[in-house]
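Peer 1: Spelled out, the chains give:
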Amino acid sequence: MFTANTARVIGRSVPVMEGAELDGARPDSDAAPDVASLLPMLRRIVFSRVGNEAAAEDLVQETLVKVLAAANRIEPGMLEPYAITTARHVIASMWRSQDTQRRNQHRVVGMDHVDAPDERLLKEEERAAVSAALEHLSEREQQTLLAHEVSGQDMRSLATELNTTAGAVAAQLNRTRARMRVEYLLALHDAEPPTDRCRPVLYAISGGDRRRQREVDAARHVLECELCAKLSEPLLERRPEGENEITIRIQHDADVVRARKSARELATRLDFSRTDLTLIATAVSEIARNIVRFAAKGQVYIELVDQPRPGIRIVARDSGPGIPDIDQALADGYSTYNGLGLGLPGARRLMDEFTLTSEINVGTTVTMTKWRTEG
Amino acid sequence: MDEGPGLVSILRQGDNLIASIHTALDDSEMVRFQRNLIEQIGRDRARGVIIDVAALDVLDSFGARTLRTLAEMARLRGAETVIVGIQPDVAFSMVALGLGTGTVHTALDLEEGLAYLGGTHSLPAPDGTEPHFRP
Ligand SMILES: [Zn+2]
Numbered sequence: 394m395f396t397a398n399t400a401r402v403i404g405r406s407v408p409v410m411e412g413a414e415l416d417g418a419r420p421d422s423d424a425a426p427d428v429a430s431l432l433p434m435l436r437r438i439v440f441s442r443v444g445n446e447a448a449a450e451d452l453v454q455e456t457l458v459k460v461l462a463a464a465n466r467i468e469p470g471m472l473e474p475y476a477i478t479t480a481r482h483v484i485a486s487m488w489r490s491q492d493t494q495r496r497n498q499h500r501v502v503g504m505d506h507v508d509a510p511d512e513r514l515l516k517e518e519e520r521a522a523v524s525a526a527l528e529h530l531s532e533r534e535q536q537t538l539l540a541h542e543v544s545g546q547d548m549r550s551l552a553t554e555l556n557t558t559a560g561a562v563a564a565q566l567n568r569t570r571a572r573m574r575v576e577y578l579l580a581l582h583d584a585e586p587p588t589d590r591c592r593p594v595l596y597a598i599s600g601g602d603r604r605r606q607r608e609v610d611a612a613r614h615v616l617e618c619e620l621c622a623k624l625s626e627p628l629l630e631r632r633p634e635g636e637n638e639i640t641i642r643i644q645h646d647a648d649v650v651r652a653r654k655s656a657r658e659l660a661t662r663l664d665f666s667r668t669d670l671t672l673i674a675t676a677v678s679e680i681a682r683n684i685v686r687f688a689a690k691g692q693v694y695i696e697l698v699d700q701p702r703p704g705i706r707i708v709a710r711d712s713g714p715g716i717p718d719i720d721q722a723l724a725d726g727y728s729t730y731n732g733l734g735l736g737l738p739g740a741r742r743l744m745d746e747f748t749l750t751s752e753i754n755v756g757t758t759v760t761m762t763k764w765r766t767e768g
Numbered sequence: 173m174d175e176g177p178g179l180v181s182i183l184r185q186g187d188n189l190i191a192s193i194h195t196a197l198d199d200s201e202m203v204r205f206q207r208n209l210i211e212q213i214g215r216d217r218a219r220g221v222i223i224d225v226a227a228l229d230v231l232d233s234f235g236a237r238t239l240r241t242l243a244e245m246a247r248l249r250g251a252e253t254v255i256v257g258i259q260p261d262v263a264f265s266m267v268a269l270g271l272g273t274g275t276v277h278t279a280l281d282l283e284e285g286l287a288y289l290g291g292t293h294s295l296p297a298p299d300g301t302e303p304h305f306r307p
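Chains as they are written, first to last, in the numbering used here: chain A, 394 to 768; chain B, 173 to 307.
For the record, the hints were derived by calculation from the structure and aren't laboratory data. The beta-carbon is built from N, C-alpha and C at its ideal position, and this holds for glycine as well. Misleading hints may appear alongside valid ones.
Label-pair restraints from in silico Cβ distances [claimed, not checked]:
no.: 1; chain 1: B; residue 1: 263; chain 2: A; residue 2: 766; range: 16 to 22 Å
no.: 2; chain 1: B; residue 1: 244; chain 2: A; residue 2: 746; range: 33 to 39 Å
no.: 3; chain 1: B; residue 1: 227; chain 2: A; residue 2: 746; range: 29 to 35 Å
no.: 4; chain 1: B; residue 1: 244; chain 2: A; residue 2: 662; range: 38 to 44 Å
Some, not all, of what chain A presents toward chain B, calculated at C-beta under 10 Å [unchecked claim]:
no.: 5; residue: 653
no.: 6; residue: 654
no.: 7; residue: 657
no.: 8; residue: 668
So here's chain A without its partners, still in its complex pose (with noise of 0.2 Å):
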């Protein structure tokens, strides 16, 4: 599946890893590692997993383009971990769709049945580890979680009740989750910390507490940890969303309109003039549209930044069938369906940095931003 195409799109990608997010914009962010140099160290883990030679060469190339993709989401100081365990979880989809066509040959001779149990059971698995989890929180912290997330109370009741202000509820019932998060994975994986570091380390990674990720050091110790390494990458996926960013899962029509919505309502908080409001909106449009025309089944997410300057950032993914020339794709009046193909290279006229990666039968992923003039 990989072809030479996927060595251009990588060289395409390129310009995100120099662009303002990791070119030292943070100060107080390590060095950002070149993605480039991640290779040797990706081979080395791919290679000793995968016997295979050419796949394990198109598992390392898999794991580089994620990486590229997902890089101006993520910290500088866990871009390697990252890479790590993205490596980590590409091999472990290889073998489980070779398992899923295992299994799906049951399917061929009449056997559906088959699946059924299975999903019961991991049910049951979940339930089990949410209430593992539940019995790791002091019985204040689980009173509290499970009034908020379970009766519905609000915050400012608790509050009340708890003698304290909404605030200090929601900040507590912030690092509550958080560590249910990690409880519950750990639970999930019936897996004990090997070391006193880890759970810290889990819960600073699974709070997307920046600060108290670098006083614990985090990055590291998930590069020596094998079980850290492992239970991150739900983890930081799972980051909560703050009130900066915001992610649109992408389907139908009428999620092309929420998701140029919520990009004008999000770009309103940094004065953006009227006119750029809507030549963001209208961006979001076309690549939120281009989702559901060609993929089905997408996401774009949302965010403000602030390096080097005030600006959104648009980063739309699919799992859709790729995009085999990008050159043609972003040519103007290439035309796809019913000669609608303004989509791409419109929504680049309209942004100030436009960047696509696409790959065969795994998917597109397109990382735009508007930097805000100074006004």
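Fit chain B with the ligand to the given chain A structure using the hints.
Peer 2: Frame of chain A; chain B with the ligand shown alone:
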């Protein structure tokens, strides 16, 4: 119309149809609007169509194309189309996108649109009072 209340309204005014889009439409809603308007042009034997897009948040490649196609289909049925109410920032983004309305006539607002279509038709009375006539 089967859009449900509120999304779009189509009013008959003499020989003209005045279609107002009241909110952002997604692609399916846009296509349904196109179909319904074309049907009504045939039914009412309309000679002119005004499409008021002032409430549209964006006019992207699909929206612009749908309107162009609509106007072309209306022309084949003997009706001329005027698009009114394109907001300045929407117009700017259409230009930036490399889009135009093609050969479709555009006008600033409803009044100018009606003037273009003949200048002798009455405007809809917004509150049910006396229709306002243009000279
Ligand atoms: Zn650990």
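Peer 1: None of the hints should be skipped; say for each whether it holds.
Peer 2: Evaluation of the provided hints:
1. Separated by about 19 Å at the C-beta atoms, residue 263(B) and residue 766(A) satisfy the suggested range of 16 to 22 Å.
2. Take residue 244(B) and residue 746(A): their Cβ atoms lie about 36 Å apart, and the range 33 to 39 Å holds.
3. Distance hint for residue 227(B) and residue 746(A): a CB-CB separation of about 31 Å, consistent with the stated range 29 to 35 Å.
4. Taking 38 to 44 Å as the suggested C-beta distance range, the pair residue 244(B) and residue 662(A) conforms, at roughly 41 Å.
5. For the restraint placing residue 653(A) at the interface with chain B, the shortest Cβ-Cβ distance is roughly 6 Å, inside the 10 Å limit, so the hint holds.
6. Interface hint status for residue 654(A): upheld, as the beta-carbon distance to the closest one in chain B is roughly 7 Å, under 10 Å.
7. Proximity of residue 657(A) to chain B holds as hinted, the smallest CB-CB distance being about 7 Å (cut-off 10 Å).
8. About 4 Å separates the beta-carbon of residue 668(A) from the nearest beta-carbon of chain B, less than 10 Å, and the hint is met.
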